[in-house]
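Chains as they are written, first to last, in the working numbering: chain F, 11 to 259; chain V, 110 to 416; chain B, 103 to 492.
Derived from the structure by calculation, the hints contain no laboratory data.
Certain hints may be false.
[Said to hold, decoys possible] Cross-link-like lysine-lysine pairs, in silico, DSS-like; alpha carbons within 25 Å at most: (1) LYS294(B) <-> LYS383(V); (2) LYS218(B) <-> LYS251(B); (3) LYS414(V) <-> LYS233(F); (4) LYS233(F) <-> LYS162(V); (5) LYS162(V) <-> LYS257(F); (6) LYS391(V) <-> LYS257(F); (7) LYS224(B) <-> LYS294(B); (8) LYS206(F) <-> LYS251(B); (9) LYS162(V) <-> LYS238(F); (10) LYS391(V) <-> LYS414(V); (11) LYS367(B) <-> LYS207(F); (12) LYS122(B) <-> LYS206(F); (13) LYS79(F) <-> LYS376(V).
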Amino acid sequence: MVTIAVLLKQVPDTTARITVSDGRVDETAISTWVTSPYDEYALEVAIQHKEASGASITAITLGPPRADKVLKDAAALGVENLVRVWDDAWESLDSNQVQAALSTILEGVEADWIYCGKQSADRNQGSTGPGVAERLGMACIVEISDWDVTGAQPSFTRATSSGNERLAPTPPIVLTFTKTETELRRPNVRGIMAAKKANIEVVSADIGDAQVQVVAHNPPAQKPEGRKFEGAESVPEVVGLLRDEAKVI
Amino acid sequence: MDITIIAETQDGGLHPVTAQLVGAASSLGASLTVICPGGAGGEEACGISGVGKVLAVTGDCFATFDGGAWAEALDAVAGGDLVIGAAPTSGRDICSRIAARRGVSIIQDVINLSPGLNITHPIYSGKANQDLTVTGNCVLTLRANTFPPAPSGGTAQLSTVQQSGDVRLAVAEAFARASERLDVTDADIIISGGRGMGHPDNFRHLYEVADVIGAAVGASRAAVDTWEEIPHSLQVGQTGKTVNPSLYIAVGISGAIQHLAGMRTSKYIVAINKDPEAPIFKVADYGIVCTWEEAIPVLKEELSKLT
Amino acid sequence: MTYEGVDFYDIESELTDEEKMVRDMARDWVEAEVVPNIEQACRDGVFPDEWRVALGEMGVLGMALDGYGCAGMSYVAYGLVCQELERGDSGVRSFASVQGSLAMYPIHDFGSEEQKQKYLPKMASGEWVGCFGLTEPDYGSNPGDMITKAVDEGDDYVLNGAKMWITNGTIADVAIVWAKLDGVIRGFIVEKDDPGFSAPEMTGKHSLRASVTSELVFQDCKIPKDRILPHVEGLKGPFSCLNNARYGICWGAVGAAQSCFHSAKEYALSRIQFGNPIAAFQLVQNKLAWMLREITKGQLLALSLGRKKDAGTWTPEQISLAKMNNVDMALEIARMARDIHGANGILDEYPIMRHMANLESVKTYEGTHDIHNLILGRHITGIQSFTREL
Numbered sequence: 011m012v013t014i015a016v017l018l019k020q021v022p023d024t025t026a027r028i029t030v031s032d033g034r035v036d037e038t039a040i041s042t043w044v045t046s047p048y049d050e051y052a053l054e055v056a057i058q059h060k061e062a063s064g065a066s067i068t069a070i071t072l073g074p075p076r077a078d079k080v081l082k083d084a085a086a087l088g089v090e091n092l093v094r095v096w097d098d099a100w101e102s103l104d105s106n107q108v109q110a111a112l113s114t115i116l117e118g119v120e121a122d123w124i125y126c127g128k129q130s131a132d133r134n135q136g137s138t139g140p141g142v143a144e145r146l147g148m149a150c151i152v153e154i155s156d157w158d159v160t161g162a163q164p165s166f167t168r169a170t171s172s173g174n175e176r177l178a179p180t181p182p183i184v185l186t187f188t189k190t191e192t193e194l195r196r197p198n199v200r201g202i203m204a205a206k207k208a209n210i211e212v213v214s215a216d217i218g219d220a221q222v223q224v225v226a227h228n229p230p231a232q233k234p235e236g237r238k239f240e241g242a243e244s245v246p247e248v249v250g251l252l253r254d255e256a257k258v259i
Numbered sequence: 110m111d112i113t114i115i116a117e118t119q120d121g122g123l124h125p126v127t128a129q130l131v132g133a134a135s136s137l138g139a140s141l142t143v144i145c146p147g148g149a150g151g152e153e154a155c156g157i158s159g160v161g162k163v164l165a166v167t168g169d170c171f172a173t174f175d176g177g178a179w180a181e182a183l184d185a186v187a188g189g190d191l192v193i194g195a196a197p198t199s200g201r202d203i204c205s206r207i208a209a210r211r212g213v214s215i216i217q218d219v220i221n222l223s224p225g226l227n228i229t230h231p232i233y234s235g236k237a238n239q240d241l242t243v244t245g246n247c248v249l250t251l252r253a254n255t256f257p258p259a260p261s262g263g264t265a266q267l268s269t270v271q272q273s274g275d276v277r278l279a280v281a282e283a284f285a286r287a288s289e290r291l292d293v294t295d296a297d298i299i300i301s302g303g304r305g306m307g308h309p310d311n312f313r314h315l316y317e318v319a320d321v322i323g324a325a326v327g328a329s330r331a332a333v334d335t336w337e338e339i340p341h342s343l344q345v346g347q348t349g350k351t352v353n354p355s356l357y358i359a360v361g362i363s364g365a366i367q368h369l370a371g372m373r374t375s376k377y378i379v380a381i382n383k384d385p386e387a388p389i390f391k392v393a394d395y396g397i398v399c400t401w402e403e404a405i406p407v408l409k410e411e412l413s414k415l416t
Numbered sequence: 103m104t105y106e107g108v109d110f111y112d113i114e115s116e117l118t119d120e121e122k123m124v125r126d127m128a129r130d131w132v133e134a135e136v137v138p139n140i141e142q143a144c145r146d147g148v149f150p151d152e153w154r155v156a157l158g159e160m161g162v163l164g165m166a167l168d169g170y171g172c173a174g175m176s177y178v179a180y181g182l183v184c185q186e187l188e189r190g191d192s193g194v195r196s197f198a199s200v201q202g203s204l205a206m207y208p209i210h211d212f213g214s215e216e217q218k219q220k221y222l223p224k225m226a227s228g229e230w231v232g233c234f235g236l237t238e239p240d241y242g243s244n245p246g247d248m249i250t251k252a253v254d255e256g257d258d259y260v261l262n263g264a265k266m267w268i269t270n271g272t273i274a275d276v277a278i279v280w281a282k283l284d285g286v287i288r289g290f291i292v293e294k295d296d297p298g299f300s301a302p303e304m305t306g307k308h309s310l311r312a313s314v315t316s317e318l319v320f321q322d323c324k325i326p327k328d329r330i331l332p333h334v335e336g337l338k339g340p341f342s343c344l345n346n347a348r349y350g351i352c353w354g355a356v357g358a359a360q361s362c363f364h365s366a367k368e369y370a371l372s373r374i375q376f377g378n379p380i381a382a383f384q385l386v387q388n389k390l391a392w393m394l395r396e397i398t399k400g401q402l403l404a405l406s407l408g409r410k411k412d413a414g415t416w417t418p419e420q421i422s423l424a425k426m427n428n429v430d431m432a433l434e435i436a437r438m439a440r441d442i443h444g445a446n447g448i449l450d451e452y453p454i455m456r457h458m459a460n461l462e463s464v465k466t467y468e469g470t471h472d473i474h475n476l477i478l479g480r481h482i483t484g485i486q487s488f489t490r491e492l
C-alpha cells in the first residue's frame, strides 16, 4: 500500500498587507489565512497520485489552532488523515526546530512519498523539503514543474540551466512543487461534510532549543520618491537618465 | 571563525555570485575557504581577493544534480563554523541539507550580514525584513546582486579532493529549453507586461525591446491569469518569481501588492502606465504616464541608438 | 484579490466552519466561472450547460436535503450558497433554487421511496434537471383556481392544461406539475418524453436572460400511476416548496445587492468629478451608507431566518417578510448603484443593469411583493384580503 504525506502551511493571503508594529509583523491585522499556494499544488499532485494508486494521504501542518483550516480544506478534497503539530510554548521556530518537529511526525507516518511546496509564501525559505529529506535519509526533487503520477512509476520534471529533466525516482522521496498551469480542484459539499466529521490529531514533538533569535521585523526601506514624466516624448530623457544617472544600460 | 563558501558554478566555470559571497563573508573577518562542487571554477575562485583556500571537490555524484549526494560530499570536506552558499534553487537545496546534517539552522536569502552574525532577510516576499542573530553555528544563503563582489587579485591555493556522495536521483530524460530566451531570474534587465497590454499578442512588442538590450520578458499575475498564451514561467510576483535585476521596466502593470513583492528590490524601476494613479508609480524611479502603444516604439528606438 | 463580501456585523463569527467552507467554495466558483462569463450568457440568452455540471459537481443541488445523494447541510449553508450564486446572477441562483427547493424537495418530502431513489441522486448530481409547474397563464397569485387537471384513467393519469413562467422548463428532464385530481390539487412527476407533454421556451425577456423560462403544455399527457406524489394534497404541497425557494431568495437578493454595492463603491472611489473622487461627496456617501445599512439588515434577517429553519421553528409570515424586504432593498440598491455609476451604469461593463432587471423578476416570482404584504396584513389584522366579493 502506497502511503503519501503532504506538508501544508497556513500563511497570510498573498494579497494581504503586512504591517509592522513594535518590531514585529502584526499577525492580528491579517484577516485572511490560506494554505500556502505552492503547497496547494503539492496537494493537488498528491491527490492525483492517490487517485491513481489507491494510496492514503496524511496531511501535516505545523501551526496554532487556526491552522486546522488548512487540514479541513485538505480533508474536503479527500485527504483521510490530518495531523497538526503544535505546542503552545512554541513561537518563531527556527529551521532546525521546524524540521525536527516535522521529521518526528513523518517517521511515524512512514510515508513513501512526501509532497510539499517549494517554499512557504510567508517565509520564502525553501529549507523544509530538502531539510526534512536529509533528516529522514531520503532523496528530494525540488521545484517540480511537471509530473506524471498516473502509472506505476511516477515521474517528475524539474528545470535545469539548459532545459528540463524528467526523473523517475524510487521512493521514499520528498517532492517540492512550484506553481504551474494546472487547475486546482475545488472542494464539493460532500467533501466538506466529510471534512466536518474528520478528526484532527494534535501532537507535540521534541524540537530542542532555538538557535536563531528574532531581533526585529522592519518594514522594507522606502525608496525615495521617483520622478514622473508625461507622454511618450519623455522616453528619450528617461533613457538618457538610465544611461547617465542610473548607469544600468 | 572559519567560513566555508560553496561556490555557485555555471557552465563549468564560476557564477559571478561567488565573488559576491566572498565579498560578504570578508566583512566578517574570518578565514575563507571556497569549495567548488564538481571541481568547476577552482582556478577562478583562487583569483578572488580574500579567499584563503580553494577546494575543488570531484566525485561521480557531481555528474547530475542530486542535492542529497552533493550535500553529503561537500559536507564531508567542508569545515567551517559558518557555511555560506548562494540562494538560487540548487544552493538552497544543498545548504538546507548541510544545515540538517549538522543539526544547525539555515537562514536563506540573506540581504544583510554584519559581524557578530547580525543577519537580515526578507519575509512575506519582501513586504517586511527580519533581523536575526544566531547562537552557535549556522548555514546561510545570500541573495544574488545584493552584496558587492570581492575584487580579483587573490592568490589562494587550489587543492583537489576526491569525494562523492550516495546518488539517489537518476535523470530519465533531459529536454533542451524550447526557447533560447533569457529567464527572468537570470536577467539583469527585465521588461514586464501586465493586463494593460490589452492582448497577449502585444507582448511581441516587449520581446522586440528585450532583444535590443538583452533583457528577459516577464509578466504580471493578472496577465498570466487572463491569457493562456502568457506562461506562468514569466510571472514575476509573490506566487511567481522574485527578481532583483539592475533595471526593471513595468509596462501596463498597475502594481498590485503581490507583483511589487516580486520586483521591488530591483535596483532601478521604470514604469510605463497610462493611469497616473497606478500604484506602480510609487515604487518607480522613473515613471512615464503614457500608453504603451505610444511609449514602446520610442523606447525601442532610443535603446537601439545606445547599442 | 479574493472577494471578501460585505460583513459589517461580523456574520462570519456566527457561521460554522463547514458553512464558511461551503460559502467559500461557491464564492470561488462564481468568481472564476460566472463573473467573467455572465454578460456573454445574458447577451446570448442561455444558461451555460457547464454551469449545470459544475453546480452538480459542487453538490449544491438539494444540498440541504438528507440522503439519496444529498449532503444534508444546514439551511444556513444553503442560504450562503444562494447569496454567492446570486452575486453572480439571479439566473444562476434560480437554477439552483428550482432544482433543489421546487423539484427535489417535493420528491424528497412527499414522494414514495421508489420515486426518491429514481430521481433524487440524478438530480443532486445535476445529470437530470427539474422544474416546477404551478403558475398558469391565467392563475399566478391565485393558484388555487388553477385549470390544469388530471383524470384517473385506470392504469394512467391523463393531464390537460398549461403552465407558464417555468424556470428550466425546456431543459428539464423532470417536471413537478401541480394539477387538480377530482378537484383536489395533487403533485405529479412528468418526464420530458411523456406523450402529450411539451415545454416551449418563452423568448423576449429583458430579465433573467441567463435562465431558461418556459411554458409547459399538457395535451392528453399520459403518465403512469406511480408518478403521483403520494404524501401531499392541496395547496400545502406547492406552498411548502415555495417557502423553501423564498428562503433561498432572501439570501440571493443580498448577494445581488452586494454586487451592486461593490461596483458602486469602486466606481465612486475612482470616478473623478470637480477634482475629487465622487465618493468624497456627501450625497454619494449617503447612498453608499444606505446600501451598507440595508445589506447588513438583510443579512441579519436571512441568517436569523435560516437558523429558525434549521431549528424547525420558522413561520410562513417570517419568510414572507424576509423575501419581500430583501428583494425590495436589493432592487433599490441596484437603482441607486446605477445612479452612482452615472451613464456608465447602463453598460454591461458593470453588473448593475443586469441585476436590476433580474430583480424585477425576483420581486414577482415565488409570491409577488404585494402578495407578501397581504400575507403580513392578514397576520397583523386577522383579516385576509386576497379574495373579495364585489
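- Query: For which of the previously enumerated hints does the structure constitute a violation, in increasing order of number?
  - Reply: 1, 3, 4, 5, 8, 9, 10, 11 and 13
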